[in-house]
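Asks: Each chain, letter by letter, is given below.
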Amino acid sequence: MKDVKENRWRLPLRFGVLGYLALLVVLPVGTVFYRAFQHGLGAAWDAFTTPDALHALWLTLLVGAIAVLLNTVFGVGVSLILARHRFPGAWLLDALVDIPLALSPVVIGLALVLVYGHTGWLGNWLAGHGITVIFSVPGIVMASMAVSLPYVVREVLPVLQEIGTEQEQAARTLGAKPFTIFRRITLPNIRRGLVYGVTLTTARVLGEFGAVAIVSGAIAGKTQTYTLFIANSIDNLDPQSAYAGAVLLCLAALLVLTVLTLSDRGREAWHRKAPA
Amino acid sequence: MSIHVEHISKSFGEAAALDDVSLEVESGSLTALLGPSGGGKSTLLRVIAGLDTPDSGIVRIEGEDLTGTPARERGVGFCFQHYAPFRHLTVRRNVAFGLEVRRRPKAEIRSKVDELLELVGLSHLGERYPSQLSGGQRQRMALARALAIEPRVLLLDEPFGALDAQVRGQLRQWLRDLHDTLHVTTVLVTHDQEEAMEVADRLAVINHGRLEQVGSPTELYDRPANEFVLTFLGPATRLGGRWVRPHDLAVHQAGDAPAPPGARQGAVTRITHLGFEVKVDVELDDGASCWVQLSRGTATDLGLEPGQRVWVASVESPEPVEPSDPSDAAEPTRSTLLHA
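Protein chains in written order, with our numbering: chain A, 6 to 281; chain B, 1145 to 1484.
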């Protein structure tokens, strides 16, 4: 039952919220699209396909693939450990995983440079073995992994806790070996949480700027990721490239949102039909 | 196949879940582990299955020492209280799981699964998912899944615990029939003494991690080894400091006839009609109180009313149990009062 007072506020509230979204998101993003295609599709395409832009795109995809893959494996592993085992210090591991959520990426980047840079104690040793981390691809991958560490764990861990261990125990009594149980029982059960976590991780890695900016050195055509390429284009008074790049990231975001929405719906349906 | 459990102890932290339990389960029998919640009976079942490791003791199935054998190699069929259905697999695939991980030929799996679904009456629901089944159907699916691996023994943890009363009754009978068809050695865990007595050939009463008594339902009911077994297995009341079954007591109106030997005098405090059964509470002159279970006919013939003076006497009491520490006694079981 809605009272009159609530009705009177409903319209202003709606306009308020819509206006807020319009000013913060719709208008700016819309402008980027407008500017990108202002001089026609051809000009936009040319901006997309400059050597530096293509290299930045390729590097971002490469880094993303490695970082997402490793964080998926790590995230599932940590979730399994936290959900299935009791050990002293579990709370610490749980808390450590969350650090990247709270900490500024710039600090993470700086910390990586301190340890893995040429003057850092590990970096020095690695350099002695011919491995350069900072200002190089390994550093970018590490920075991307560090900032996107929590997402898989935060999505998969609650699912693991919710499903419990009975299905796995049942599989054990039926003769399944540990890896078979993981592949045929655990993985299908956490699949939706995993898709969600991997998608969030991907979005975070593609959009990362701060940490990567510090560790990569942003050398065009070498260690410049896509976000760095966009920032660099702005600095170099080459707005057309920046707009084009921004549009591509917007499209990636759209894809991410689609996957999340679909997986959300799937999850709701899953919960609806889950046995009581 | 027989199961031998020898001197099993298991504790979780400080609490002893099982304390030197030894038990023999005959081949082909249906044995119920009966006891109050938290008494250790589920732990014993899990130890037999290899899902829990005992701190000490030996588990043998058909003479073979399986104490160190992982659960997956024990050939034990286990049904969980909440059935643990594989939620992402259809009923067919659930039942087929144990055969698939054993890499049996596809045709063999298909025919075996068909046969099992037929056996548990789920042939028409093979393509459904567990979430689309009722509780009783899920239970039968879990049984078919456990039976698929042709287990040496079948272990059921509170098989009817999560079902409503009506379905529970039907499934009990069904399980009993199934057992009579298959003769697979079965151990089930339950806290419901009525269920245990109805379904099982043998009962093993477990309390506080200890085995109190093993025997047929009649043996345990008529000749309980101690106060706990007596009070847990059925209604019990005290007369003259001894435990008796309330249906083994007779009531006479005081003055109608000379008091029988050993009778005690008192006053009726309450008469409760529970369908066929009538429960008469009597406050005895020695300050104690007891209750008597009568059939409705007997109660009507006696014409009892609250406040009336009565004699209460033991009709027959095969082997009355001397009371030990009163805290050891289970509460007179409410379910038996209500089941009539």
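The set of hints was computed from the structure by calculation and includes no laboratory data.
Note that this is a predicted model, so its numbers are computed, not measured.
Do not rely on the hints blindly, as some may be mistaken.
[Unchecked claim] Just a sample of chain A residues kept apart from chain B, beta carbon distances all over 10 Å, derived: (1) Phe92; (2) Ile168; (3) Leu179; (4) Ile190.
[Stated by the list, open to error] In the DMTMM-like style, the derived pairs of lysine to aspartate or glutamate whose C-alpha atoms are separated by at most 20 Å in a straight line are: (5) Lys227(A) - Asp243(A); (6) Lys182(A) - Glu171(A); (7) Lys1256(B) - Glu1206(B); (8) Lys1256(B) - Glu1294(B); (9) Lys182(A) - Glu1338(B); (10) Lys1256(B) - Glu1244(B); (11) Lys1423(B) - Glu1338(B); (12) Lys182(A) - Glu1158(B); (13) Lys182(A) - Asp1392(B); (14) Lys1423(B) - Asp1445(B); (15) Lys182(A) - Asp1445(B); (16) Lys1256(B) - Glu1271(B).
C-beta: ideal position from N, C-alpha, C; glycine also.
Asks: Give a verdict on every hint.
Replies: Each hint tested on the structure:
1. Phe92: Answer for Phe92(A): holds, closest chain B Cβ roughly 15 Å.
2. Ile168: violated (8 Å)
3. Leu179: violated (4 Å)
4. Ile190: violated (6 Å)
5. Lys227(A) - Asp243(A): With Cα atoms ~19 Å apart, Lys227(A) and Asp243(A) stay inside 20 Å; holds.
6. Lys182(A) - Glu171(A): It holds: about 15 Å lies between the C-alpha atoms, which stays within 20 Å.
7. Lys1256(B) - Glu1206(B): violated (25 Å)
8. Lys1256(B) - Glu1294(B): holds (10 Å)
9. Lys182(A) - Glu1338(B): violated (38 Å)
10. Lys1256(B) - Glu1244(B): Answer holds: Lys1256(B) to Glu1244(B) is near 11 Å, not above 20 Å.
11. Lys1423(B) - Glu1338(B): Measuring from Cα to Cα gives roughly 19 Å; hence the hint holds.
12. Lys182(A) - Glu1158(B): Violated, at roughly 32 Å.
13. Lys182(A) - Asp1392(B): violated (56 Å)
14. Lys1423(B) - Asp1445(B): holds (15 Å)
15. Lys182(A) - Asp1445(B): Cα-Cα ~68 Å, so violated.
16. Lys1256(B) - Glu1271(B): holds (16 Å)
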